[in-house]
Every structure is written in C-alpha cells, then in structure tokens.
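So the protein lines, in turn, are chains W and F. If you're matching positions, the first sequence starts at 1 in this note's numbering and goes up one per residue. If you're matching positions, the second sequence starts at 481 in this note's numbering and goes up one per residue.
Hints are computed from structural coordinates only; laboratory data are not their basis. A few of these clues could be false.
On the chain F side, residues computed to face chain W include the following (Cβ under 10 Å) [said to hold, decoys possible]:
1) R483
2) I485
3) R520
4) L522
5) R555
6) F598
7) E952
8) G969
9) F971
10) K985
11) N997
12) V1008
13) I1014
14) E1069
Ideal Cβ placement from N, Cα and C applies to all residues, glycine included.
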Amino acid sequence: MKKKILVANRGEIAIRIMRAIQELDYEAVAVYETPDKDSRHIRLASEAVLLGDGPRCDYLNIDKIIKAAKHSGACAIHPGYGFLAENPDFAKACEEAGIIFIGPTSEVISNLGNKVIARKIMAEAGIPMVPGTPNLSMGEDGVQEALTFAGKYGYPIMLKATCGGGGRGIRLIESDEQMRKEIPVARAEAKAAFNDDSVYLEKVVINPKHVEVQIIADKEGTTIHLGTRDCSIQRRNQKLIEIAPSMIGDKELLEKICQTAVKAAKASNYTNAGTVEFLIDKDFNYYFMEINTRVQVEHTVTEMITGIDIVRTQIKLALGKPLSFTQDDIQLRGHAIEMRINAEDPQADFMPEGGKTVSLYRSPGGYGVRLDGFVYQGYTIPQVYDSLLVKLTVHGFTWSETVSRVRRCLQNFDIAGPKTTIPFYLNIVEDPDFIKGDFNTSFLDTHPQLFEYKETSNEAEKLSKLIAEIHHHGTNPYAF
Amino acid sequence: MERIIQGMPPSEVVAQLRKADGYYITNTARDLSQSDFKNRILLHTDMLAAPSRERAGYFSLEITGGASVHVDILRKQVDPFLKLELLREKMPKTMFQTLCRGVNLFGYRPYPQNVIRFTVREFAKYVDVWRTFDFLNHIPNMQAVFEEVAKAGKINEPCICFSTGPEHTDDFYVGKVKDILDVTGTDIILCIKNHGGLGTPQRIGQLVNAIKQSYPDLPIHYHGHNTDGNDIGRIAAAILNGASIIDASDSSMTGYYGPPPSLTVIQTMKSLGYTAIGLDEDAVIETSEVIRDQRQYYAAFESQIKGFQPTVQIHKLPGGAMGSSLEQAAKGGFLDKMPDILHKELPRVQKELGNYWSVTPGSQILWTTAVANVQGGERYGNPSGDLRNLLLGKYGPFPFYQPEEWIYEKVLGADWKKVMEEEGGMDEIEDMDLDHERASLREKIGHEPTDQQLVLYLQHPNDAVNFFKFEEKFGKVYVLPPSIFLHQGKFNVGTTLSFTDHYGKEHVIEIGPSMVNEGGESNVYLNVDHHQRIYSFVPEAKAGVAAAATVLSKEEIQTLAKNGDIRAPFAGNICEISVKEGQEVAAGEQVAMMEAMKMQTPVVSVIAGIVTTISVKVGDAVKPGAKIAKVDIDE
C-alpha cells in the first residue's frame, strides 16, 4: 500500500503540498470544512475527510485532525501555513499519536513561538537584535521597566504580545502617556487572542526592509540556507509581493545575513524548513526578528531561483532522510517575483470580496511562469477564509526581465466577479522605484498613487451580460 | 461677429450679445429628445453628433436638465456627469446649457436650500448657461439657483414662462422682467420660455418688443416648441423685434413637439437679412447626416400620434409633456378620450386652477387632474397629493387668482378653511443633513460615494442607488449604440456586435444559440471576445409571481378598503411606505405613497386598526387592485 500523508490545510497551499506528495508517489489525504466543499483541494486528493461545519474552528481542531489521520491511515501530517502550522500542541499531539509532523519538533516550535525565549536563545548565540526587553513585569513595575527602556532608546517603540505573530498583537507607542495607557489594553487583547497576556517592548526600526532567509536542516545537524527573500511590500504588516533574492547590492552583506540565519537555526536546534526574518535599517544594519517554523506563502520565489523543491524536501526530511544536497550545490540563478492575487478591493482598504462568484477565470502561462492557486470559473469564494485566490510567481534571468514578465502575466489574467489586487499590482510594476528594486516597508504609504486606477478588466464581461438580457427578453428591461 | 466660446466670463458674453448684428442659435438637443423621443436619445448618438455640432458654432448646446437627469439614470443608464465630461472632451468650445426648475431643480418637488446649492455647484462645473424657471413665475423659487450660478462664474438665464389668456399681458411680463433684474442684476440673458409653443408670431413679436422697449440692453433668448408647426414664424418675429438667441435643433431628428429645424431658421432669416452669428451651415447639415441613420432605433419612443397639433393653443400642454401624456393614454387605454381630455377638460381645469403656466410640475398637476376628472366620473373626486399641495400654496402663490371655494372643499375636505389655516402657505424646507445622507448612501452602495453620486442620490434616492448597482453589474453601457441598447426582439443567431468600451478596448460579441433546460432555465450562449460565455435566466413566471396582480374595479377596491384590505387605486410605483407591521393607524391615516406620472398620491386606510401585513416594498410597480397592506379593525 502506498504511504498516505494528510494535509491539514486548505486552498492553494493544500494543493501545493499534495502535488509534492503525489510526485513522491504517495497518496494525499485532504480535510475540509463544509464551506470548503467546492474547493479544488478536495478534488485533487486521493481521499477527503469532512471535519465539520467550521468555519475555521475545525481546521483548528487538533483532535479532529489527528482522528482523520488515524482513520485514513496517514503516517504523516503536513500543516501548511496558518491554522495549526505553528501550534506546538499540534506538533506534540502528532508526536504522541505516532504520526510524523512535517516540520520542526514541538519543543523548537514552542521556543521560537515565544518571542522572549526566542530572543534569549538568539542573544546567547550572538545574533544581532533590535534592542528590546524581556517580558514586562505585571502591574506598575512593568510600566516602570517600559518607561526606563523608552528613556534609554527613545520613541517610537513597539509594544508586542509575546505570543503574537503574523502581524497581530503589535502596537506602536509614541509617548510615556500612551505607554501607560496601552500596556493594560495590549495585555487584555493578548489574553483574549493568544491566551497569554505577556507583552514586551522593542525599539522601532523606522521604514526597514524586510529580508528573510530560507533555511533547511536535517536531523543529522546539517543546516543550509537557500538565499534571501525581500518581503517589504506589505499592507498592515501583511505581505503582498515577495522577491528573491534581496535587491541589496552588497553581496557580502547578504552572505553575512544568510550565515547569521544558519547560526540562528543551529542555536535553536532547528530541523526541517524554516525562515529567519530580519529587519534592515537605512544604514544596512540588520536585526533578527523571528524564525517562522513552517513553510512560507512566499517559498515559491526561493524554489524558482534555487531549483530546490522546498515542500518535497520538507517531506523527505520529516520521513527521516538526510539532506541530499549541500550548501555548495545551491546556486542562486536570476530573480523571482511572487504576487498574491487576492480577492480584495485595494481602493477600499483591501476589503475582502468574499461571497462573490468567479464568473470568468483565465490565467497566464508561458516561460518562467508558475501559478499556485485553487480557484476555477464558477467558484464562489467563501466569506469565512482568507482572500488569496492564486499566487503568481515568475522567474527571469535579470530583474528587468522578471518585472516585464510579471507585468505581462498580470495583463494576461482575466478574472471577473470579485475585484482583485491585479490592477493595483499593474500600477506597482510601472512604478519607477519598484522597477529600480528600491523599496522598504513604507512603500505603500509613500506611493499613494498606486491606488489610482480604474477597474477595467471586467468591462466586456459586464456589457455582454446586458446584451444577454436584451437578447433573452427581446427588449432592454432597463431602457423601457 | 465671432462665435461665443466656452470659458468667456458672463459679462463678456452678455456684452457681445448686446452688440450682436445678427442672432445666435442654441441647439436644444435635450428638449428635442424630451419632447419627441421621451428623453431617450442616447449619449452614444450625442457623441456621434459632437464633432460637427462643435464645428457648427452654436451659442450653446442644451444637453442636460429638465427631466433628462432623471431619465439618464433611470432609462438610459448613463451618469449625467460623465455624459457632460465626455461631451466636453469632444466639444471644448461650445457652451453647455441646462434647464433648471428652480427650487424643484430637475425634479418635481421643492428641495431644501442646501441640496439646491450643492447640486448647482456640482453641475456648474460642466454647465455654462443656466436657464432657470418657476412654473408659477414666483421669483423667490429661483433665487438660490441664481446665486450659486453667479458664484460659479456661469451665465444666468432666468425665464419668464409664457402663456396666453386675458391675464397674460405685456405689462404683466415686463413687470416680471423687472422683478427678475432686481434680483439678478443686468449681466444676464432673459429667456422667454414658450414651452407650449403658444401664441402667434405676432403675439411673440409684440412681447419681445415690449420687453426691449423697457430694457433695450437686455439680451433675449426665445425658446419655443413647434407643436402647432409654426415656431419658425414665432422665431422670425422674435428676431425681427430684437431677440438675440433662439432655439432649434438638428433637422434629421426633429419631430412634432420639440424644436424646429435649425437649418430652416437659418434659411428663413437669411432672406430677411439676418445672419446666424458664428454658424457654419455645412456643419449644421453634416450633423443631421451623421445621426439620421440612428433615428430608426428610437422609433418606439416617437409619438403615438403623428402630426402637428395646432390644438395646442387650446390645451396648452408643453411640448416636453406631449409624448409622455400620449404614451400614458395609449398604455392606459384611454387614447379615445383624448379629445375630451385635451380640448374640453384640460382648458377648463386650467381656468379653474388659476390659469398659471402649464409647465413642470404644474403641467403634470393639470394633466393628472384632467385625466382623473374624466376617468373618475366625479370632478376633483380623487385629488392627487400634489394638487392638494398646489391649493395649500406649497409651490408658491397663485399668480392671478385663486381657484373657487368649492374646489378647495373638494380637495381639502369640508373643513378646508381650517386646513388652509393650519397647513397653508410655503413651507420652510429644512436643510438635509448631507453627512447623514452620504453615510446612508455609503451603506447602500458599499463604498464611499463621490460628491456627484451624492447629488444624484439626493434627487432620486431609489433610482440613483439602482443606477449605481446597474453600473457595477453591467459596466458603462453608454458605449452601446441604440441599435443594441434599444434593440427590439431577439438578435439573429450569428449576429456580431462590436463596440469600444469606456476604457478604449474594442470588443466583439457574437450571438450564439439559446436553449431551455428541463427546469425551464434559459441558457444564452454568447461568444465574448472569442470566448464562449453562458448566461442563465430563470423562467419569467417564477420570477414575477408577485407582479401578476388582478386588476380590480374602483368599486371593488373601495369595498375591500372598508374591510381593511388596502389595494392600489391606480397603476403606479410605491415611493414610500409610511407604516410598519403591527402599527396602529387611524381612519384616514396614510399607509403608503404612490407615484404615477411623477405625481404623488397618498394611499390611506379608511378604517382604524392595526397594520398586519405590508405586501409591497418601495420601488414596486403595481397595477390597480394590487395588495398594498392589510389593516385589522381595532375591536
């Protein structure tokens, strides 16, 4: 019997993982909640298990997923990203149930998921970090610690939930007065969101670049990196566009950052694939931010420039195989750009377009083009999940070739029904700073003109709808 | 003399008119569309005409205002502001003109001052000449518009509405001109608004002369209609007596009730030694040639009755209302009663109601009353809400005399004197909370509205929201020619339709087969830009069950009403629901408001009780006898 692997996720990443499973000649088991019953990730799996009506709570239900794995006879679980991917309890439950968790150990996830423990590990290993505090003491003592820290480093300062992540549980503090007011609020919020009211402080790096390093480690202790990615183009701390490698011209600096990432991974006894995130300030000082203990949405850009299938590697490592390549085998070739085509209206503060039906879906193809998606014509986007429709990743030999390719692909998309981020991206690819590769996390705020565009792509679709009505009724019901 | 170019300051325009050694022509395309094509001439046709109309050198192009703003969004599905913006691109030199109903703006009822000012400000960004009138010639009703137009640096063209009769003397009109000038100052153009095309050439010449005698420096713009076939005669008389500007339009589209052909005016006046200043005759001819071919697609909107109507001198219906009145008669099945209504009842009603000017919204009140009087049996037995408001003085004072007491009694009830005391006179209309309106529009359309969207919403709340939703669903449909947009019957399979969209992309749509599946669902196949698309339609019967109401007689409706079963008394639209389910109502209390022919009529409960069911919603079109609400008698 073929080995079975359960994919504890939905949407495009579930499909991405199933493809790797199938290429390894294993069978993929899908799970789903009722609102996802028409999702394509179910149809691509060998079998599918309905977890419940959800929404979201069943994808987050450890017991149900372990049960589904046992019931289907899966020997391993790939968690994807989001949902249970960075939940140490889930990794632990897998370990206890005798199911292979495709990712690092529960202990590593737990350590790195706790920002304060993570900072402690990194400090001991000599990894450069943004000045910060340990967990603030409770009550007035904590406030005094905060004010002392502020006195030393100055505002602005980030107040962060120790167990936060993915852009959540962060607030910007600009004065002593605000600090006093916000600490209890942040604690209450953290308690509600993460069931842990610990908070700490970090000095704010103003308008940094967000650069991260893909690392891979096997159980024998071999740890290598797959180069850098730049994920600076974000909205509300959520990434929109990612590129590989970073466009920073100083190759020695990038190499130093990669080596630091390897050191950080080793310091935390990391196994499997992970991402070490750094902030880089305007003077090219770099600071460790965190390690993401999962496959990233943007892993595709790294795959494009290295030729390494990260998900395939994840599975092989989890099944106990050693790395089949060395650091010297890794050659970075050309450039890659990934754009997240979301069903959102950028002009309405990226309001999600869930609930709408994709009445037309045509996608680009051709040389250097990769699509990771799950929508199809006739698909109704559930309102209860995220708005990612498809990831467009392109590869090119030079940066300018890559930008031209991504522009061409955006133009070749034809999506009717929901509004998407495509017209907004079409403005980005024409932006002189983007074309130069010159951007940091302030890019959207400093380029408001990117939001000025007309929704054009659906016009023929819309007009033909009226013509169909005129034809069907034998008269125009909107004119007579 | 040179033509007048868009952008010249009002004082310069007026100065040039004063020293003109000929006359100017305004192309009243809007009035032609309204009078002879039920307002349906599409932007597509106006865009075709734009280059040659621009070269023709008209004083102005009247292309917005009147009922057109409403019909633009209701039946042409075009944004009235976008229309002006697109035409401006093609016509940079020609001034655009509007027709504004003063305090009633482009609608049928008075608006609050802040809405009037906001609307004028937004439209004045595109409109250069503001022809403003009040159907009672009550000047305070126009003041806010005058002020905002002047502030915007645009040209005020106040009207004296013209009619015939013993009260309509030269002295009266010259007095009105004085009243207007007292308010506006002298840098204006005065319009003689002859919306019915009334009077003989001699009468018009005499009036122009009388005004010129008193105000030799005041440029006069004569506006007429060709309903009796003789507007060229009146135009000639007006020019011979000193009018500077006259109204006409493109010959290939002229009909019976709108403006006469401009080329005929030019030829007539040339033989009398008068030159049309700035006019390029070749371009005038070319415009007619360019759009001639489009006329066939508007056939459904041309008058039900063909031929001129010299009897307009008796019934005095304005040209702009002729088409819609005849349409209503044809649809209502009382076309045979038209001679009675037009030649006997309407003139009688006019006299009884004060012999004011038959123009919007006064003309609708007269018409609706005359029809109800003939159809309903009992004269003034079924008065509309607007007639009630007219008698209460809500629109302004009667200019000549008040109706007789028995009419007040019929319309307002036995205690009409008390009603007049309590409710009579013009209301101080409170300003609207525009921020609140903006927020409610935002909620309805799901995004922040533009100022232009808010302007449309303030005037026609339901229709504007429907239009915004239409555009979201169907796109910018003005790009479709009338041969598609107004197409009658199915297209032949294999027909290829091509057009360029708003963003400049060309598209080809080929009509494929249509099929009905087992469930009765129709599938229409279209080839859109070489890709097959399928559109599904559910069976009509299922979709429209509610609409299929029985038509009941007036007696049946009244009997049902006594049992608390409130039915629609006539065919129309529900424009307001005044009660909630479970609410107590008193006998005579309004439960809903219905609208037909732009006139609003309250639907009341004849018994006291509790509202148990409401069967309609705002915007529903109902037939006579359709269920509106159920009231259970209070025990």
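Against the structure, the hints come out as follows:
Taking 10 Å as the C-beta cut-off, the interface hint given for R483/F is violated, the closest approach to chain W being about 35 Å. A cut of 10 Å between beta carbons decides the hint on I485/F: the least distance to chain W is about 31 Å, and the hint is violated. Look at R520/F: its Cβ gets to within about 7 Å of chain W, closer than 10 Å, so that hint holds up. At a threshold of 10 Å, the smallest CB-CB gap from L522/F to chain W is about 9 Å, leaving the interface hint in force.
With a cut of 10 Å, the hint placing R555/F at the interface with chain W holds, because the nearest CB-to-CB distance is about 5 Å. The interface hint given for F598/F is violated, since its Cβ lies 24 Å from the closest Cβ of chain W, which is over the 10 Å cut-off. A hinted interface residue such as E952/F counts as satisfied when its beta carbon comes closer than 10 Å to some beta carbon of chain W; here the least separation is about 8 Å, so the hint holds. For G969/F, the suggested interface contact is upheld, since its CB lies about 5 Å from the closest CB of chain W, less than 10 Å.
Because the smallest distance between the Cβ of F971/F and any Cβ of chain W comes to about 5 Å, under 10 Å, the interface hint for this residue holds. Interface restraint check for K985/F: the shortest CB-CB distance to chain W comes to about 7 Å, inside 10 Å, so the restraint holds. A distance limit of 10 Å between C-beta atoms decides the matter here; for N997/F the minimum to chain W is near 14 Å, and the interface restraint is violated. Using the Cβ-Cβ criterion of 10 Å, the hint placing V1008/F at the interface with chain W is satisfied: the shortest such distance is roughly 5 Å.
The interface hint given for I1014/F holds, since its Cβ lies 9 Å from the closest Cβ of chain W, which is under the 10 Å cut-off. At a threshold of 10 Å, the smallest CB-CB gap from E1069/F to chain W is about 35 Å, leaving the interface hint violated.
Checked against the numbered hints listed earlier, the structure breaks hints 1, 2, 6, 11, 14; every other hint is satisfied.
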